[in-house]
Structures are given as structure tokens and as C-alpha cells.
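Protein chains in written order, with my numbering: chain A, 10 to 420; chain B, 10 to 420.
FYI, nobody ran anything at the bench for these hints, they're computed from the structure. Please note that a few of the clues may not be correct.
One copy or two, it doesn't matter: identical chains are merged, so the pair holds either way.
To be verified - Here are the computed lysine to any residue pairs in the SDA-like style, where the Cα-Cα straight-line distance is at most 25 Å:
1. LYS76 to PRO129
2. LYS303 to ARG246
3. LYS379 to GLU107
4. LYS88 to GLU152
5. LYS143 to ASP109
6. LYS97 to LEU357
7. LYS182 to ASN236
8. LYS97 to LEU142
9. LYS249 to ARG150
10. LYS99 to THR217
11. LYS379 to ILE95
12. LYS362 to LEU142
13. LYS181 to ARG12
14. LYS99 to TYR233
15. LYS330 to ASN236
16. LYS279 to ARG36
Protein chains: 2
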Amino acid sequence: MERLLIKEISNHEGEKITIKGRIFNIRNLGSISFLIIRDYSGVVQVVASKDAEVNSGDIVLVEGIVKKDERAKGGYEMKAEKIEIITKSKETLPFDLEKDDINLNLNTLLDYRVLSLRHPKVQSIFRLYDLLLKSYDEAMREEGFVEIKTPKILGSASEGGANFFQVDYFDKKAVLAQSPQFYKQIMVGVFDRVFEIGPVFRAEPHFTTRHVNEYISLDAEMGYIDNFYDVAKTLNRVIKKMFSQMGIEDVPEEIPYVKLSEIRKIIKEKYNYDIPEETDIDPRGEELAGQYAKEEFNSDFIFLTHYPIDYRPFYTMSDGKEAMGFDLLYKGLEIATGGQRINEYDELVESMKRKNIEASGMEFYINAFKYAIPPHGGWGMGSERIIKQILGLDNIKEAVLFPRDVKRITP
Amino acid sequence: MERLLIKEISNHEGEKITIKGRIFNIRNLGSISFLIIRDYSGVVQVVASKDAEVNSGDIVLVEGIVKKDERAKGGYEMKAEKIEIITKSKETLPFDLEKDDINLNLNTLLDYRVLSLRHPKVQSIFRLYDLLLKSYDEAMREEGFVEIKTPKILGSASEGGANFFQVDYFDKKAVLAQSPQFYKQIMVGVFDRVFEIGPVFRAEPHFTTRHVNEYISLDAEMGYIDNFYDVAKTLNRVIKKMFSQMGIEDVPEEIPYVKLSEIRKIIKEKYNYDIPEETDIDPRGEELAGQYAKEEFNSDFIFLTHYPIDYRPFYTMSDGKEAMGFDLLYKGLEIATGGQRINEYDELVESMKRKNIEASGMEFYINAFKYAIPPHGGWGMGSERIIKQILGLDNIKEAVLFPRDVKRITP
């Protein structure tokens, strides 16, 4: 008999059907057993005779009759006529997956990722992530962007600094891409508007609730802009569409803009907090900026603009002091960084000089600007941070299937 | 005035409009100049006075009136009233981008990628690639697969052998993922059906027309299969949908299956070619298998099945001699490899022993099978190879924006 998905059961009352799934729990009551069985579509209670030789964790096929039962989850249960073990679990689970909550500390949750991912609550994180990927893809295409895939093994680091991983590439030394920055900018000269969904690698030694060393960046770059607000407005529309697909309708038509220098003052005046002098903004400052956005504009989002150029990479357009760009905060956490880029060759060379950046290995990028690339800008957005914030997760690692941090390259 | 895309021009006959784009060619005729201007949507001829101080390669804004003109490409031209240079090209292009064909040798094409990508013929390769990504995403979702993103920095190599790149990961040595194999199999225990679009890295020293060292793999893994034909049939449906989206309608409902041992005989008998003994099948053999599929079944596709298990990775399900899997050939080139995987812990350990694979670094993967993962299989498909074959490109590197090979990590 053909396998029926558990979510379809309610359409088959009184019929004999076959399901396949994993046993999550067994309760014995006199001569009968209640088996909780899940497949990826849902959960059902199966009533079986007690002599069924099955255990929690086993993968089974169940043939039986669908009965209405108000007391059962989903309103239906199955009376088993045949139970076949498809794949036997060799070991007892080290923790209980059937409780509504999965109360494990983060290390256990990640060390036993293979199992913890099977918990419905953990699964739901990655169902939302699936939807996020789909919604970004669709929103970007609607906005006329062409999808590209650019190399992750590079001849030189794209974001400057020392935060890159080195790769042994045959007889050469290469680095892992910290971003698709160079390539997406070059592609503006080809397709005007491009986007990419792909991994980026940051050798940052931070061990925080907001950082992982490998993440999926949602990138975009667009040509023929007048200024960075064109970029911010496009991102605003894209986010609105994405969040709507994820069931969140309160993204403003116009996310408010506040200059960084202003938000520093506001945070001091309103919340009596001093953002440290030696930084542009710190995590506590971002939280308070988020609180201000909520209180002042009833918005979960806020664009902080005009960062001091010293904190921005060499390709950033500026007026000499402030960057022509933004960070987008969602519920008090930066989820995207964007802005206008330098698109004149001479300016770019000048900016590299000011920042002491060596051209070595990135000549192809610098030279591209000799052949005219229109005024442009774009953004990089952390996909996992969006999920963290939507679901209110304590740590971004919960939003990554198999996260990588300073100490963790396995599972 | 708002920028109009060139493809929209035909709807604005007699109107004054503004376009923005790049000058690809200038012809002077008496007191007037004909400028060929492209944006990402199309191309138009602009008639300007000869004193317009513009050059090929410049990015310009043109304000002018749309005129019908049978002789012009697209049937319309623009009479310029104002031309503004947005971004000036500082150097003359090293080759002509306005000819219909771009006749550069491969090295020049790739060395000057930043410019060669601007040629409409090269652009069209990556427009098709964009469509391919979209169509895979959509087809997989229609088939009930959940999109996942798995790490590219791994603690140990997933495909065995020495063909992996090493990464300095803080104080550890890590490797770049040769495939998402371990992770997608584990995820079958979570979501039944998963797919991934992502880069894979192969340190193969080959320098052929079919290999690059970094490519985008279209992966899938599905649970509760009866045998590898369930996987092959799903891939067949997915390919049919993808190709239909790309305008190719002749993908068979049932791509023919031929065993590898049979195709060797057929190729010997029909084409008098001996596939070398020390290989499963060689490139010439694949070509002839493709020719046979066309002649015998009128199909561009053929599944070659039952490869000797010696040529397959340790996780491959087999009958002890032959692998329960397939290669899918399209026009005589392997574009996908797939099959059923071992899903019983004891069998997996046994297979590793036979192949002398060390468990070190992949314990999390092996141990996952102690906790029951249903019978499953999947495929990995080379996205760039599909494009190469559809367009009949001589070299796969033409189907990669910025390809990586043994000698090339730049641009």
C-alpha cells in the first residue's frame, strides 16, 4: 500500500492506510500500547497491541484504520493492524525528544545535533529558515536582480584585516571569501542588479551569542543609484516581502533612518548609556537603538546611517568623514550592512592608500573600475541573525544546522 | 526624469524618455554619430550630434525622443537631446565587445573576465544559469524537499581520497567540503527530504574541459525509498521540470536505464571502442553512451547503473559487487551521480573497514546511524555541466563566472 503522509490522515477517516515514520514515545496501558509516530508532515497516535516489539527511535511502517478521537493530538488516531520495523534504533536516546520543550544546554544541543534536530521545536527553526531562503530568492527576482554564484576560494581577502582563513590551494596560498564583495560589484557592470545566497567565512575570534565563523550571507548589489537611500529603500521592500511570506506583517513601508551620531546622543539622553568612544556602536547600544525605534516609531527596524568612515572597508563611499551607508537593526541587532561603493578608479586607489591596503591579489578588482562601473551600492545580510531575532533565540548557533565557532568544527 | 529600461522603449514611440546604460560602439557619419547603448534589458541605437564627447565603454544618461526605424535593431531608435556621462571609462577596451561573436581564446576570456562578461553572448550564459538555479529551487520544493545549508568547513573529508583542500582553522586543521554528503544524509533523519544548492571544493589536479575545482552542486537526499530507482525517478521529474523552465521540452518521461556492464559491451559492439579495463567508464565511453541513447532511445539522457562498487565511496549501498546507484549522462557527459546509501550502522562500519576508511573526524556521522535513519538515497548534480551541455560550450570554465582551476585563483 502507498505511504500516506501523516498530515493527510484526517481525510481518510475509517479507511485502512499505511504510514511510515519514527516512534517518538511509547506508553503502555494494560494490554495496549500508545505509540507517538512522526513523519516530517505531522504526528499521530497509534494504538497497538502491547506485544509489538518496537522501541522509541525506531523507524516503522504502520498499516491500520483511521479513527476520529477528540482526545488525540490532531483529532485522529490510528488502530494498528500491522507494524513493521523499517530501521531499528540500536541505542536509547541520550535525552527525551517527546517533551514539548527541549531543555538542553547549548553545548549538548550542538554536540548531539544529529538527534536534537529531530525535536519538533528545533525542526521548526529550520522550516522557517527554508522559507526565508525561498522568500529572499523570490523577492530579489521580483526586484529584477539576477542570481549569481561567485567563488569562495580567493587570491586575496576582500574585507581587509586579518579575519580570513587561509587555504592550501595546490602550490599556492589562498583565502576563504569573507564576502562576495569584489565579485558582486564587478557584476553590476554586467547585469546592473545581482544577488547571491552563499556561505561567507570570518576568522573572527569572537565567541558571542551573535557570531558564527561560517554563515549564509544574503547579498545584493545594484547599479545606477543616486545615493545609498536607493539601496536602503530596495532592502526595505525586500524585507517587507520576505517577512510577509514568513507571516510577519508589521514591517514598515518606510523604516526610519537615524544618523549614528544622533543615536549616540539619543541613547545617552533617553537611556543614560554611553556608547564607548573607541567603537561606532556596541551591542548594548544596538539594543537601545532598537528600543528607541520601538518607542519612537513603533518599528522593530531602524536604519543607522553615516557611520564614521574609519570603521568601514576601503570600498565604502564617504564624504571623507562619514560613510554613505547604513546598518539595518532588527529588534536591536544588526542584521544587514550596506551602502554606496566607490565607483571611480582614482577615488578607490586614494581610499586604499588612506587605509594602507595593498593592491596585491586584487588588481583585477581595482582595474575593473578603469572600464567604468556605474554608481552602485548593495548590502550583505546575515540570514541566521534574522531567524534568531524572529524566534527570539538566545544564541545564533541555534539558528545554524551545524554551526562553526572558534572551538567547533564538528559535527 | 525617471530611467526607462531599454526593453520598454517600443511602448514609448514619439515620447521623450531617459535611458541609462553603457556605450558599446560609436559610428560617425558626417555630422552625426550613432551610439549603440546597452542596459541589462536590451540594446538601442541613439542618434547624436557628432560633438558629443563620449567614448565606447562610457556609462551615460541619454534623454531623447523614441522613433520607429525599421533599420535599427529592435525596430526603434532614439534621437538624443541630451547626453550626460555618468561614469567615464578611463581606458580603451583591449578587445571589441560590439561584434556578434567574442572570439577570444579561453585564457584571455578568463583573464579579462571583468570585461568579457559584458559581452551579450557571455551574459546569456549566466542568464540561463540564473534560470537554472531558480528552476531547481522550484522543482525541489514542488517535490516536497526542504532547503538546507550545511557547513563547508569540515573536520574531515567526506568523499575519502586525497582530493580535498586544507584550511587553517584557528589552532586546528580543517578541510573544505567535497560535498554535503554527511549532512544531507543526517538531515533525512530530520526532514525526510532535503536539498541544497552550494559550493563544493575538489582538489583534483585534473586540467580538463569538464573539471573545475570549485563548483555549485545541486544536491538532494530523500528517505523511505525502496531502492535507487525511486531516487532516479525523482531526479528525472526534477530535470524535466527544470529543463521545461529553460525552454527545453524533450526530456523523456522515463529516461532509459542501462547497466554499466551492458553499455561497455554495446560500445564495443556498436562503436568498436574498448573502454579501458582500469576504469569504470572514460570520457570517450560517456560520449558513445550518449550517442547510443540518442540512436536507440532518441534521448539526450541516459542513466548508467550498477557501477562496480570499487569505484564508489564507502557510503554507497551495494550488493557486494555493484553499486545501487547511477550516473546520469546528458549529451554524453555525466551531470549527476546518485544512488541508495547504506543506512544500517553495522553495514556502514563494515564498508569502511573494506575500504580502509578511518573514522577519525566523522564519528558524528557514523554514530548517527545508531539512532535509525530510514532507507534513503540522493544525488549530487553539477550545475555548470548542465549549462555547458545545453549551450554546447567547449569548456566548463565558460559556464562559471570566475572559475577556479589548478592554475587559476584570480580574477
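Now the hints, each set against the structure:
{"no.": "1", "hint": "LYS76 to PRO129", "result": "within (24 Å within a copy, 62 Å between copies)"}
{"no.": "2", "hint": "LYS303 to ARG246", "result": "within (19 Å within a copy, 48 Å between copies)"}
{"no.": "3", "hint": "LYS379 to GLU107", "result": "between (62 Å within a copy, 18 Å between copies)"}
{"no.": "4", "hint": "LYS88 to GLU152", "result": "neither (51 Å within a copy, 29 Å between copies)"}
{"no.": "5", "hint": "LYS143 to ASP109", "result": "neither (28 Å within a copy, 36 Å between copies)"}
{"no.": "6", "hint": "LYS97 to LEU357", "result": "between (62 Å within a copy, 14 Å between copies)"}
{"no.": "7", "hint": "LYS182 to ASN236", "result": "neither (38 Å within a copy, 44 Å between copies)"}
{"no.": "8", "hint": "LYS97 to LEU142", "result": "neither (34 Å within a copy, 37 Å between copies)"}
{"no.": "9", "hint": "LYS249 to ARG150", "result": "both (14 Å within a copy, 22 Å between copies)"}
{"no.": "10", "hint": "LYS99 to THR217", "result": "neither (36 Å within a copy, 46 Å between copies)"}
{"no.": "11", "hint": "LYS379 to ILE95", "result": "between (64 Å within a copy, 14 Å between copies)"}
{"no.": "12", "hint": "LYS362 to LEU142", "result": "neither (38 Å within a copy, 39 Å between copies)"}
{"no.": "13", "hint": "LYS181 to ARG12", "result": "neither (52 Å within a copy, 46 Å between copies)"}
{"no.": "14", "hint": "LYS99 to TYR233", "result": "between (61 Å within a copy, 18 Å between copies)"}
{"no.": "15", "hint": "LYS330 to ASN236", "result": "within (16 Å within a copy, 64 Å between copies)"}
{"no.": "16", "hint": "LYS279 to ARG36", "result": "neither (56 Å within a copy, 64 Å between copies)"}
Of the numbered hints stated above, those contradicted by the structure are hints 4, 5, 7, 8, 10, 12, 13 and 16, listed in ascending order.
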